[in-house]
Structure formats: C-alpha cells, structure tokens
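A.B. asks: Protein sequences, first through last, are from chains A and B. The first sequence begins at -5 in our numbering and counts up by one. The second sequence begins at 13 in our numbering and counts up by one.
Everything labelled a hint here was simulated from the structure, so no lab data went into it. Check the hints yourself; a few may be wrong.
On the chain A side, residues computed to face chain B include the following (Cβ under 7 Å) [stated by the list, open to error]:
id : residue
1  : Q(-3)
2  : K0
3  : F4
4  : D50
5  : V53
6  : S205
7  : R206
8  : A207
9  : I212
10 : T213
11 : S214
12 : A215
Stretches of chain B that chain A covers, calculated by requiring three or more beta carbons in the stretch to come under 8 Å of a beta carbon on chain A [said to hold, decoys possible]:
id : segment
13 : 57 to 66
14 : 86 to 99
Glycine included, every Cβ here is placed at the ideal spot set by N, Cα and C.
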Amino acid sequence: MKQFGKILKFELNGYLKNKIFVGVTLFLMLAIAVVMFFPNIRDLLHPDKTTPDSADRPVMLIYAAEDGLASDLREAFAGAFADYDVQTAQGTLEDVQTFVKTGVAECAFALDSLSSYTYYVNDLSQFDYNRDTADAVLQEMNRAAAMVQAGLSPEQAGEILSVQVTGRTETLGKDQGATFLYTYVMIFALYMVIMLYGQMVATNVATEKSSRAMEVLITSANPVSMMFGKVLASCLAGLGQLVAVFGTALVLYRVNKGAWGENPVISYFFDIPTELFVYLLVFFVLGFLLYAFLYGAIGSTASKLEDINTSVMPVTFLFIISFLVVVMAVTGAGSVDSTLMKVCSFIPFSSPMAMFARICMSEVPAASIALSIGLLAAAVVFIGVLAAKIYRVGVLLYGTTPKISEVVKAAWRA
Amino acid sequence: MILEFKNIHKSFGDKKVLKDVSFTAESGKAFGLLGRNGAGKTTSIRILMNVFPADSGQVLVDGWPIDYDRLGLGYLPEERGMYPKKKIIDQLVYFAELKGMSRKAAVTSVDHWLERLGMSEYRGKRLDTLSKGNQQKIQLVTALAHDPEIVILDEPFSGLDPVNAILLKDVVKEQIAKGKIVLFSSHQMNYIEEFCDSIAIIHEGKVALSGDLREIKRNYPRDRLVIRTIDPQPIRAAFGDACTAADGGGLMLRMRGPQEKQAVMQRLAEQFDVDEIKVFEPSLNDIFVEYAGKQDEEGKRV
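So that you can see chain A by itself, here it is in the shape it has in the complex (with noise of 0.2 Å):
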C-alpha cells in the first residue's frame, strides 16, 4: 500500500511535469474559454447588428413564361423565403442559368405552370431544403386556385388552408432531446479520453521495458501496486483535464450568462441533474479504468516500442465498436433501448457508454443499473489482477511479442 502510494504520486508527477500535458491542458482551456466568451466577441465585431440587410442575402430569381404568374409567385417565395432576396428574372431562360452559373443568384426556379418548375442551383447542398419549401407554397397555391375554380371565394378558400391544428407533448419519462447532448458530449469526452490515455499508459510501459527501468522496478516494487498505480495515475490526470477544461467552460458560463441569453443548447449542457453527473462520473471512472489496465497489460507485452500500435489493435477494435454501436443508438431516433443496447449496457465493455446513454435517454430500473454498475467494477478489479500479472511476465520478455495464449497461461500460472 505504501508502495502504491509512492508510484501513484512518481506517476502523477510524471503527467504534471510533462510539458505538452500542461500545454495541451492550457491550450483546450484557452480554446474553451474562447468558444464561451463567443457571444461577447461577436458582439464586439458587430454591435448593432440584429438581422441582415437585403443586401447580404442570397438571391433567388423566379422566372415564368408569364409575366403575371412570375410576380404572383414572387410575392409568395418572398413570404417562404425569408433568408433570400428573391427576385422576378429579367430575360431569357438561358440568361437565369447564367446568372446562377456566375454567382449572381444563388438559385432560380423556372415555372412552366404553377405544378411544374425546374430548379437551377450551382452546387447543391446536402441541406438544400428550398425545394420542399417551394412545393408547400405551390400546392397550397394550386389548392387554393382550384377551391376558386370550384366555386368558392377566394376568403373560403383562405380559411380551409390555414386551419391551424394545435397540440402538446406531455414528457412522461425523459425528452431526449434534452439529454441527447450530455449523453453525446459524454460519450465522445470518454471515447476520446480513453483512447488518449490508454495509449500513453500502453507507451509508458512499453517505455519502461525498452529502457530496462522495469529490471529495477520489478525487483523492487509488487507488480500489482505498480500496475493499479500507473493506471490511476492516468486516470485521476485525465479526469484532472477534463475538470479543468469543462470546468473553465463552467466558470465562464456563469460570467457570461448574460450574454448567452436563454441559448437552450449550452443551458441544457450546463443544467445536467445531479444525479446524471453522478453517473457520469462513475462509468467514466470505471470504463477509463477497464481499458487503461487492458492497455497496460498489452504495453508490457510489447518489445519494442513500434510494435505498440499494433499490439493495441484489438482493444482499440473493442471499444471503437461499442462506440459506434451506442452512438448509433443515440442517434437514431429511440433506439437506445434496443436489445442490443440492453445487452450491451451489461457487458463491462461496453456497458460505461451504453448504461450512461440509457440512463440519460429512457427510464431503466434501479436495479438494473445496479448490476451493470457491479458487474463493471468486478471486471474492473479481474482485469486489473489479470493485467498486473501479464505485466509481472510479459515486462521481461524480450525479444519478439509473444502470443496472447501464451501470455495469458504464463499470467495464470505467476
């Protein structure tokens, strides 16, 4: 215990030392504090400016054979479109795709009739919504000249089309919207972190082995103790990162509140329960710890340090795939309690991301969340025994990196 609590504090120290640590630390504070202070600048750069002028707005040009139907048209496009300046085109049909073409107008629809047009853009955007929007503001027209036809005024036909329907949700167990993004920042702040820091914990073994500090470490400490101090020390100097990055973030929010205003997304960041924030902490703790040993054992294994990369692959393959699954989950709409996701909220490996977004995004029983929480943290301390034995073997294996079976029967047999 003793010893543990001297490697713990040489490691730590190793982290704070370390000049691009403190510098990467520094760096995400400043860029943080930065992207906080954000309303403030741009504020700075243009004070009195609240919507665009004409002048800065695209232009969409409406081009119809008749005269009449371009201006009726304009109006309607200038009432859907709010951020064009939509314009009536002057010419011929080869003169408006000249237009767009060199960037005169963004955009222009071609009217043939009031249920057919062609649209001329130049590059179209994958978030090019004008034609949906085109199509309400023609089919309502058409509904509406064709009540007309019909026999109704124009006023009756006005009323049948704007018959607003009103309605409400009632949130009975959790607006995923509304923890849809903690869930995302979470998930992503540990699939970075863990990536991150297992590797440095991997390379530090392996740096350890390659200059032969192990032959007096392992004579003078228990590999145990170094094992769990080593990983720890990763652990509490990520987290130490992360507190004080997300923690200027929070500091300085609560300068700027003001200028935020009521911005839902940073406000619903900011406002995570209590209890949500416990959780976080927990599967983060214990999901950084699963790998982090993973990572060690693999480190100690490898002889030389090039042959790190490779050697992590099949970790680094593990967790990237209980990412993509949970990410899957939370983003695509509901899926979170899925019976893969449930599976997965159970299996030590994946289970720190895939309870966490369950957590945040469904209702899951106490007791569930129980075993997941216990099973994790039992395969904690087995992986934790596991590796620290590889390490005691595979640290003084040099030579060419042995085979996985054979490391793990030498670990049972020490």
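Since the structure of chain A is already known, use the hints to place chain B on it.
C.D. replies: Then chain B, alone, in the frame of chain A:
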C-alpha cells in the same frame, strides 16, 4: 548471514534453464557467479530477486526461506537502464522509496552516494544527458542507496574507465568490509579473481564447479612448469611435444605428474640457461575456459 541456493530447478516452456543449481554465499565475502552467455546466471539472480519463483528448490537465508519484506536486496542489472527523460535525483529517490525508505532518508542517502561516486554535479540533470559510464554509476546508486544486506552486481565493471573501475572497486571492498553478501556476476575474470572468495561456474544450467577459489586453485593438478628463458630452442628440442609456448613469451612444460617436479626443475637448472622456473598455477580464466569452454566435455570433471 549465509545465503543458500538449494537444488533450484527452473524451466521456461520446454526449455530447462536451471538444473539442480546449488551454491552458498557468506556475509563479509564476495561470491562470483560465472558462466557463459545463456548459462543461467541472470535466471538464478532473478529467482533470488523474487522476480519469478523457481519450479522447485529453495533460496534460504541462515537456513530459513528468504523474507523479502525484511531483507534488503540491491541489484545492479546487466541490462542497465532507468528513466532516460527524468531527473536523476527524482528517480533515484523514487527507487530508494520503493525499497522502503522514507523520503527524507532516501534523499540523504542518495546525496551521500552521488557525492561518494563524484556525481553530485549531475543531481538535477536528466539521465540521458550523461555518458554511458556515468549512467552506470547512477544505476549503481539504485543498488546501494537503501543499504541492502545482499548486493547483486551483474557485470558491474563493463563500460567503466580505469579510474571509475578503481572507484567501484573501493566501493565494493567497503561493502564487503561492512559484512554484506556481495554477489558478482561477470565475464571479466580478473575482477572476480580480485574480489571473490568463492565462485560457482554455471554451465548449461548446471553448476560445473563451485567452492572456495583458493582451494579450487590449490587442488588443481600441479603438473606444469612455466619457464622464462632467453634461449628456448634447446629446451624445446630436449622435451619435444611436452614443451609448448606459454602466454607472455615463456615456455610451458607439461610433466608426467607432480612427483616429477623436483627432478625436472633440477635438470632444467643444470642443463639450460633459464631465468625463472615456477609451477604453473591456473588463473580463473584458465579454469573458466576449461569448465565452461567445451560444450561436449560438459560436467566431465565435476
């Protein structure tokens, strides 16, 4: 204190690395563990250091199984290396603390040893800024700073210049004088010969020869003479094949047995122009080559 290695067996997979290895080392004396590359020296040391257990057999101290929590062991591994990017004082204190010292005691002791080895000026430097020999001296501090009862030095002299070698010799002599067990492993026979009272030669996992070094030498057959002469030709002509060139320019004369010594010496002195005649005493080097040199003669003389 007596350290006993008793009937140790160790295999890695199918490969038997140690086969019934036994030897004894006493405090206040240096013990030399000799053997060719791959003979099993480092494996023996690692078993002693409790890096891995023996398959069978025991390591005993004063007749009891060794207690690693109480007994201090200092180890200078053959594969040298510490943290290249860390400050020397930080890592030396860390290693001493891992051996159970308090931080304060560790700093005092490390400073003492840095001073003793003339390395105080490098205290705050990174290890990789030092030359190889100096790095080795730093590594020596990790083996000695916690004042261990048993000091294991694996090839301690490799890479040291003559001045540093003398410094290390003095340190080793001090440790022996303090009543510690000093276990040497080396290929450099002259150093072993200078320090060690007893030796064990390990060859292909077995102890080929062990015991008190002087006794081993004394028991060596005294059937050869070393002759120093200006004019070797007549002697060679007279003795034929029994006479060969010895190392260092003289002649080596093999007799039919030690009982012939007086007669042969008398004949040489009377009939030839010789400057010096003495009975050949093998150096440790000769003994080592004889026991560990020829693989097919393994174990013949045990």
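A.B. asks: Taking the hints in turn, state whether each one holds.
C.D. replies: Right, here's what the structure says about each hint:
1. Q(-3): It holds, given that the least Cβ distance between Q(-3) of chain A and chain B is near 6 Å, below 7 Å.
2. K0: Interface hint status for K0 of chain A: holds (5 Å vs cutoff 7 Å).
3. F4: holds, 5 Å
4. D50: violated, 55 Å
5. V53: violated, 61 Å
6. S205: Interface hint status for S205 of chain A: holds (5 Å vs cutoff 7 Å).
7. R206: holds, 3 Å
8. A207: With Cβ-Cβ at 5 Å, under 7 Å, it holds.
9. I212: For I212 of chain A, the interface hint holds, since the closest Cβ of chain B sits about 6 Å away, which is under 7 Å.
10. T213: Holds, about 4 Å.
11. S214: With a closest approach of 4 Å, the S214 of chain A hint holds.
12. A215: holds, 5 Å
13. 57 to 66: holds (count 5)
14. 86 to 99: holds (count 9)
Of the numbered hints stated above, those contradicted by the structure are hints 4, 5, listed in ascending order.
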